[in-house]
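J.: All residue numbers for the sequence shown refer to my numbering, where the first residue is 1 and numbers rise by one.
Honestly, I wouldn't trust all of these hints.
Capping the alpha-carbon separation at 30 Å, the derived lysine-lysine pairs in DSS-like fashion look like this [claimed, not checked]:
| no. | residue 1 | residue 2 |
| --- | --- | --- |
| 1 | 287 | 128 |
| 2 | 287 | 140 |
| 3 | 140 | 128 |
| 4 | 140 | 56 |
| 5 | 184 | 287 |
| 6 | 184 | 128 |
| 7 | 184 | 140 |
| 8 | 184 | 115 |
These aren't lab readings, by the way, just hints derived from the structure by calculation.
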Amino acid sequence: MNLDDAIGTIISRGFTERQARFLVLVARHSGVCVMRQYSAFAGVVFGHTTRRFFTKLERLGWVSTYDCARKRARIYHVRHRELYEAVGDAESRLRRPPTVPRALERIMLLDVILKEPDLVWLATSEEKMTHVSAFTAIPKDSLPQMTTPQGSYEPVRYFPDPAPIGMHVDGRWILVCLLTQDAKRELRTFIERHLMLLAALPTWTIRVVIPAHMTAHAMRFVDEARRNLRWRFDGQFRDDLRWYFETRRAGGNPDAVSDDDERAHRARLRRFSGLGFSALYPLWVAKGDDVFPTVAAQVGDALFREAGVIEPLVLPHAYSHLAPLVGVA
């Protein structure tokens with residue numbers, strides 16, 4: 001798929017280049033948008049120009065709309081088949097009407113992209129696999145993945161997270177983790193799924209995207225993950241962490257694996273039960289102690305040298321007015 005060709009196709013349907021670029025961006029990454037996002041993309045003050053563009057989209061049948069809590073607020077679902085054909089994905093899941101919570105998540109992710117328009121943003125799992133394979137030597141079975149049982153068959157989905165991955169001109173990779181409800185679980189799952197990839201990337205950033213109403217709650221887990229992964233994972237630290245993992249695998253009973261005194265047990269359990277270490281545990285179960293000098297040490301060293309960064313991005317916009325019945329404010 002050639003973006004310039006896609007943009008040219010949309011221009012030929014009566015849109016300006018700026019409008020065509022925005023429509024292609026939405027078709028690739030979110031499928032939905034709100035009017036202020038076009039104003040931000042175009043660098044114009046919200047007003048007549050933006051309203052006229054969306055009126056045209058409605059008149060031509062290129063969008064459908066969601067009624068929102070605030071009387072004049074609307075979510076626009078960009079669904080015209082010709083647009084998705086132009087970007088090379090006529091059967092895109094984004095053409096299907098999303099649930100309201102999913103629509104809001106996609107609007108948030110589009111806000112993230114609009115904040116850094118100069119990055120190359122990878123949208124689909126195929127794009128992510130192609131670019132990661134071109135720039136790293138990571139084997140396919142180490143890519144972020146999940147299985148979806150279908151009877152006796154369990155197909156593997158690579159890069160299952162819907163968030164985009166950004167590529168900076170300086171070589172830094174931007175991995176986006178959107179928190180929406182259970183911040184600790186969502187961040188732990190994301191780190192767990194991406195640890196092998198992080199170890200293979202020379203420079204990287206996990207951009208933890210936080211809706212404003214979750215800031216105080218979620219920032220604690222961002223700090224915890226950053227602190228707990230920033231280790232060398234060798235010597236006594238490695239031995240203590242191995243002890244914790246063995247204890248956890250044994251069912252949480254320290255006496256099953258050690259004769260240490262109870263105070264030492266409790267201190268280690270407190271130290272290693274936090275976010276970051278818990279994300280490393282499933283990888284240790286699967287691969288054993290080899291994860292310490294390889295994956296864990298490489299991720300920890302990257303954070304120590306600031307080649308790896310875990311940073312929050314608190315969204316500046318409110319979303320509660322777009323839908324009254326979701327857990328997003």
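J.: Does each hint hold? Answer for all of them.
T.: Now for the hints, and whether the structure bears them out:
Straight-line distance between C-alpha atoms of residue 287 and residue 128 comes to about 24 Å, which keeps the hinted pair within the 30 Å bound. Pair hint residue 287 plus residue 140 holds up; C-alpha atoms about 16 Å apart against a cutoff of 30 Å. For the suggested pair residue 140 and residue 128, the alpha carbons sit about 12 Å apart, so the restraint of at most 30 Å is met. Among the hinted pairs, residue 140 with residue 56 is inconsistent with the structure: their alpha-carbon atoms are about 44 Å apart, more than 30 Å.
For the hint linking residue 184 to residue 287, the alpha-carbon distance of about 24 Å falls within 30 Å, and the restraint holds. For the proposed pair residue 184 and residue 128, the alpha carbon gap of about 25 Å is at most 30 Å, so the pair holds. Distance check on the hinted pair: residue 184 and residue 140 sit about 27 Å apart at the alpha-carbon level, within 30 Å; holds. Restraint check for residue 184 and residue 115: the C-alpha separation of about 25 Å stays at or below 30 Å, so the hint holds.
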